[in-house]
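Participant: Could you put together the complete structure from these sequences and hints?
First to last, the sequence lines map onto chains A and B.
Using the working numbering, the first residue of the first sequence is number 1, and each one after it goes up by one.
Using the working numbering, the first residue of the second sequence is number 1001, and each one after it goes up by one.
The set of hints was computed from the structure by calculation and includes no laboratory data.
Treat the hints with care, as some may be off.
[Unchecked claim] Which residues of chain A face chain B? A few of them, derived with a C-beta cut under 10 Å, are:
id : residue
1  : H20
2  : G23
3  : A24
4  : I25
5  : T32
6  : P33
7  : W39
8  : L45
9  : G58
10 : H62
11 : L63
12 : G67
13 : V68
14 : H72
15 : K80
16 : L82
[To be verified] As a list, the in silico DSS-like pairs of lysine-lysine whose alpha-carbon atoms are at most 30 Å apart:
id : chain 1 : residue 1 : chain 2 : residue 2
17 : B       : K1419     : A       : K75
18 : B       : K1228     : B       : K1419
19 : A       : K75       : B       : K1228
20 : B       : K1228     : B       : K1084
21 : B       : K1084     : B       : K1055
22 : B       : K1055     : B       : K1247
The C-beta atom is built at its ideal place from N, Cα and C for all residues, glycine as well.
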Amino acid sequence: MSFTPLPPVPEEFQVLSMMHNIGAITPERSLTPDELAMWTGIEILTVRDCLQRLRELGYVEHLEVSGVEKYHVTKIGIMKVLTLYS
Amino acid sequence: MQKLHIQRKEINPTLMDEMGFQAAIGVVEVLYPLLCKSMNVLTMFPHAEGWHLLKVAMISWEYPPRIVGGIARHLEGLARALVKQGHEVHVFTLDFPGAPEYEEIGGIRVYRTRSEVGHPNFLSWVLLFNHFIEKRLATVSKSLEFDVLHVHDWLTAPCSIGFKHFVNKPMVFTAHSTEHGRSGLHIPDSFTIDGLEWWATYEAGRVIVTSNAMKHEVCGHFHIPWEKVEIIPNAIDPSIYQGAVDKWAVRSRYGIQPHEKLVLCVGRLVPQKGVEYFIHAVAILARRRPEAKFIIVGDGWYRDHLEWVANTTGQRWRITFTGFIPDHDLIALTKSADAMVVPSIYEPFGIVALEGMAAGVPVVASQVGGLTEFIEHDRTGVLVYPRNPESIAWGVEHVLSNPDHGRWLVQNALEVVQKSFSWEAIAKKTSRVYEEVMGKRGEKA
Chain A
1 MSFTPLPPVP EEFQVLSMMH NIGAITPERS LTPDELAMWT GIEILTVRDC
51 LQRLRELGYV EHLEVSGVEK YHVTKIGIMK VLTLYS
Chain B
1001 MQKLHIQRKE INPTLMDEMG FQAAIGVVEV LYPLLCKSMN VLTMFPHAEG
1051 WHLLKVAMIS WEYPPRIVGG IARHLEGLAR ALVKQGHEVH VFTLDFPGAP
1101 EYEEIGGIRV YRTRSEVGHP NFLSWVLLFN HFIEKRLATV SKSLEFDVLH
1151 VHDWLTAPCS IGFKHFVNKP MVFTAHSTEH GRSGLHIPDS FTIDGLEWWA
1201 TYEAGRVIVT SNAMKHEVCG HFHIPWEKVE IIPNAIDPSI YQGAVDKWAV
1251 RSRYGIQPHE KLVLCVGRLV PQKGVEYFIH AVAILARRRP EAKFIIVGDG
1301 WYRDHLEWVA NTTGQRWRIT FTGFIPDHDL IALTKSADAM VVPSIYEPFG
1351 IVALEGMAAG VPVVASQVGG LTEFIEHDRT GVLVYPRNPE SIAWGVEHVL
1401 SNPDHGRWLV QNALEVVQKS FSWEAIAKKT SRVYEEVMGK RGEKA
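Facilitator: Okay, here's the thing in structure tokens:
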């Protein structure tokens, strides 16, 4: 069975996937952009850009806890991530 | 009524001497079927006759509301039907925001487990959550003796295999698809996944697949004996498609005018679903059927690419990408469509086509995998060449331009769905596989 070369997985999708895999899937388990950059090894500016786009698409949710911005994957975001693996 | 579902091992022999015990068993064996018959419950619990009411541990990474692909729905339908037959089904799965850690729904006990440790790498994460599910299995099994373990796909194979050896119970593995078929073996992770799939087929007493195509794929690729693999197709509940739908109201919500034709494509937006070829077919169909509009339901990592492809066709305005939509909306939309296209390039079964058939919409599907086993060309649907936009366009035009023929296809398709794809039948076949592996328990768990 031959397959045509696949396009690379978009960068924001990689960030979304990593957020999911490290467990940031509920408000109480949400993480700051700095924490996400450390966990994923991705540049903080790239993480911020991706989070912005993912927010617009409804795949992550933003909240502020004591003035600190945190992010977690939404239910639709979880389902989007899991399509990569099934 | 519940008291009648007593199993041999649930009768405590310490409460009576050996003779008394045997006599009691004899009396119950004679009286139980008679009682059941007189109360007309044998159809409800067909396995009651054989005294094989089982405690089944189902293990899967998805179960509603955590729905990734077809596995969650398959599990839910199978579990419900097994419970209806009198079996006890315990589902072990991953957590999902808002879903309780434990619940009993319609007799199905669902244990959702949170992975306390994560890792950005997918495979590492999978192996970590397997540890937590295995721990949950071990905890529950302290007060409950399972008769059989049933694992679905490789994602929960490591915990199931470990648990199988720990409790010395037989294991059944359902291979819903293979990594080799889904994406080819092209990166290190794929080879590991392929290895885990092989390991599960090796450790299982029996392997279940959903189509003859999958049986060939699994036996050929993993080199496992032909007789070890059982084909048990997917099923659906046709009753959910029986309610009335205001077709015109549904279509207008998606901007479809009364004179326009609605062509629907449903699935995860991943390469193996072949949606790219469907989008290229839109450009061809737009010339031949200018009144046609196209709706693509679903989401996935490939969506950006597909939207880009749609932009290149010059027909983007005809195509709507809805993303994920609720089940009731999907049913209404399917019932309101003029044709459904399933353009897959790899399809172990293709339950979405079966859903289209049950909803009464003519189905145009690729001639691949399981789709060819329940769609008879030009009798219950239309089969087209995979990876071939021209062929897809021909198939769609064939049903749109012959409404009477389309209705005939739908009528034939409905008969097939109702006759051969009920959950009751699938659960009976599955419990027979359970009984077989339990019979082999002494040889190889």
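Participant: Now tell me if each hint is right for this structure.
Facilitator: Checked hints:
{"no.": "1", "hint": "H20", "in the structure": "8 Å, holds"}
{"no.": "2", "hint": "G23", "in the structure": "4 Å, holds"}
{"no.": "3", "hint": "A24", "in the structure": "8 Å, holds"}
{"no.": "4", "hint": "I25", "in the structure": "6 Å, holds"}
{"no.": "5", "hint": "T32", "in the structure": "16 Å, violated"}
{"no.": "6", "hint": "P33", "in the structure": "15 Å, violated"}
{"no.": "7", "hint": "W39", "in the structure": "6 Å, holds"}
{"no.": "8", "hint": "L45", "in the structure": "18 Å, violated"}
{"no.": "9", "hint": "G58", "in the structure": "8 Å, holds"}
{"no.": "10", "hint": "H62", "in the structure": "16 Å, violated"}
{"no.": "11", "hint": "L63", "in the structure": "14 Å, violated"}
{"no.": "12", "hint": "G67", "in the structure": "24 Å, violated"}
{"no.": "13", "hint": "V68", "in the structure": "20 Å, violated"}
{"no.": "14", "hint": "H72", "in the structure": "9 Å, holds"}
{"no.": "15", "hint": "K80", "in the structure": "5 Å, holds"}
{"no.": "16", "hint": "L82", "in the structure": "4 Å, holds"}
{"no.": "17", "hint": "B/K1419 - A/K75", "in the structure": "36 Å, violated"}
{"no.": "18", "hint": "B/K1228 - B/K1419", "in the structure": "27 Å, holds"}
{"no.": "19", "hint": "A/K75 - B/K1228", "in the structure": "38 Å, violated"}
{"no.": "20", "hint": "B/K1228 - B/K1084", "in the structure": "27 Å, holds"}
{"no.": "21", "hint": "B/K1084 - B/K1055", "in the structure": "13 Å, holds"}
{"no.": "22", "hint": "B/K1055 - B/K1247", "in the structure": "44 Å, violated"}
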